[in-house]
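Asks: With chain A fixed as given, assemble chain B onto it according to the hints.
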Amino acid sequence: MIRSRSTVKVDAADRVFGSGEQAEVTWAVVDSGIDRTHPAFADEDGVSRVVLEIDVPQGLAAIANPADNYGELNDDKAWQNFLKAANVTNQPRDLRIGTDRDDHGTHVAGIIAAHARNVRAPHPNSPEAADLPRTVRGMHPSTRIVDLKVFDEFGEADDRTVMTALAFVRWFNYRPRLVEELGDVGPIDGVNLSISLAFDPRQSACGWSPVCQQTTKLVESGVVVVAAAGNYGFQKARGKILGAGFDLVSITDPGNTERAITVGATDSSEPHRYGPIGISSRGPTADGRHKPDLLAPGYAIVGPAVGGRWTALTGTSQAAAHVSGIAAKLIARFPEFRSRPDRVKRALLDGATDLERLPDYQGAGLVDALRTMQLL
Amino acid sequence: MHIPLTHFAYQSEVDCPIEGPIWEALSERTARDVIIEVTEKASPVIVASIVNRDRSGASTVILDNYVFTTVTAREALTKLLPLTSWRGFLLRVRTKLEPSWGEGDDGWSIDDSVRLAWLVRQVLRATQPTALESLDHVLQLGDTSGGYEVPEEVPKALLEAADLADASEVHPVASVSLNRTAERA
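Chains as they are written, first to last, in our numbering: chain A, 1 to 376; chain B, 1 to 185.
No lab work stands behind these hints: they were computed from the structure.
Because the structure is a prediction, the values reported are computed rather than measured.
You may find that some hints are simply not true.
Computed list of lysine-lysine pairs in BS3-like fashion (alpha-carbon distance at most 25 Å, straight line) [stated by the list, open to error]:
{"id": "1", "chain 1": "B", "residue 1": "K156", "chain 2": "A", "residue 2": "K77"}
{"id": "2", "chain 1": "A", "residue 1": "K217", "chain 2": "A", "residue 2": "K77"}
{"id": "3", "chain 1": "A", "residue 1": "K217", "chain 2": "B", "residue 2": "K41"}
Chain A on its own, in the form it takes in the complex (with noise of 0.2 Å):
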């Protein structure tokens, strides 16, 4: 995060165009729970940015009740007694899967919209620690984030936990705000979905998985999403074939839904003599269309971690992490694309610097906050 601000030139674009008057603009982030109490996330007044927190899992447990024939999330009513179950806003959570910290969730946020001062490596000697200037800012922060938690206590995460998050979307953005309940949060403006897929040709066509679905219908509600492209470009060395190992039609659901806005990941601070990392996954997609649409930073990226640490980690997640803040910036700044999430597309991408890679490699290149908010 601290070298790739400059890399996609977010710190030349908040120079440009300063931190004026912006629209105030809310990020959900699905994936693996987000530590609130991270400093990373503390306003001035060291109220924590991530404003809502959602346990997924929790909500549904509460709607499938096998004592029921069956339990239904279409109304108001139902949407009510899933948030009543999973709202863990301000609740103790313990973001493990057995010893481990989960930290994914928490860096992925963290690149959207972190800002921490004084930071300080908790050990001293770590590799991050030489790394980790006194300021750490993402890409946008002053974003607010709705943190919807979709993997279980087991690590563990699937279509129907991430096809709800997806719902409790288009169904919070389009409920009277939620003041009683949770205060003044919302309109949710972007969704970032740091997770893959495996896409299997075999059950559906590309696209039109029902996660790729219920990504399109959030896309026509509104609402930005913004999807890795998926780890899977370089499996494993097959033999001693040169290229062999290297995947193309590799873009993991729901990546592979065409208006959600697919990422890549490149090198942190070289994008143009790196291009995509290895395992950044390819296009072009199953049934011929290009993607990823872009490429971003995703190489070693240092972010916030749970119980306050700081961790580096690589992948398209963190490479879809920083599209999702320029986004939100783009937003803030020019709060008429709000709800407008086709047009944010083709603002990143008409924005984008070529890395001079085949399509299917790059997308429209490496993504540019100030071209893109220069363009407009």
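Replies: Quick look at chain B alone, frame taken from chain A:
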């Protein structure tokens, strides 16, 4: 139920709305999480009620036009398949569930023969893998002049499926897919 062995020799894909990978993943003992997509004109509530009939303890949730539930291979055959576009095929199968096997009547086609052989193979794989091994062994010997006597549980389940197909006038299920595991990218 007697099926000519030649019908099992076709390797072509069939148009089953419950695709091969789903049958592969199902077994009689272990239920699998599935996502049922209900057509726009049909009611997911009715589909959920039919799938949950005569059973308890299953977690079923309706979200938009999807039904999240769990099914075994037998339930996929007897409760889901009759609600799909294969409804008409199952009704035609019913007319064939008799000792002597004939072709070309009652709208039965060679495509139906291929469908039936394919379906029997999927059901055997999930419910009676040793019976499928025996069938494959016979086919490997290369003599396809005879017929295969399908284990009686299969036609019994097919009849049950046909009864449900008969009871419903439309096919409300558009597709069925497995509930996949998500990874952190």
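Asks: Taken at face value, is the distance from the CA of A/K77 to the CA of A/K217 at most 25 Å?
Replies: Answer holds: A/K217 to A/K77 is near 21 Å, not above 25 Å.
Asks: With a cut-off of 25 Å on the C-alpha distance, tell me whether B/K156 and A/K77 pass.
Replies: Measuring from Cα to Cα gives roughly 42 Å; hence the hint is violated.
Asks: Can the restraint linking A/K217 and B/K41 be considered satisfied, given a maximum Cα separation of 25 Å?
Replies: Between A/K217 and B/K41 the Cα gap is close to 18 Å, so the pair holds against 25 Å.
When held up to the earlier numbered hints, the structure conflicts with hint 1 and nothing else.
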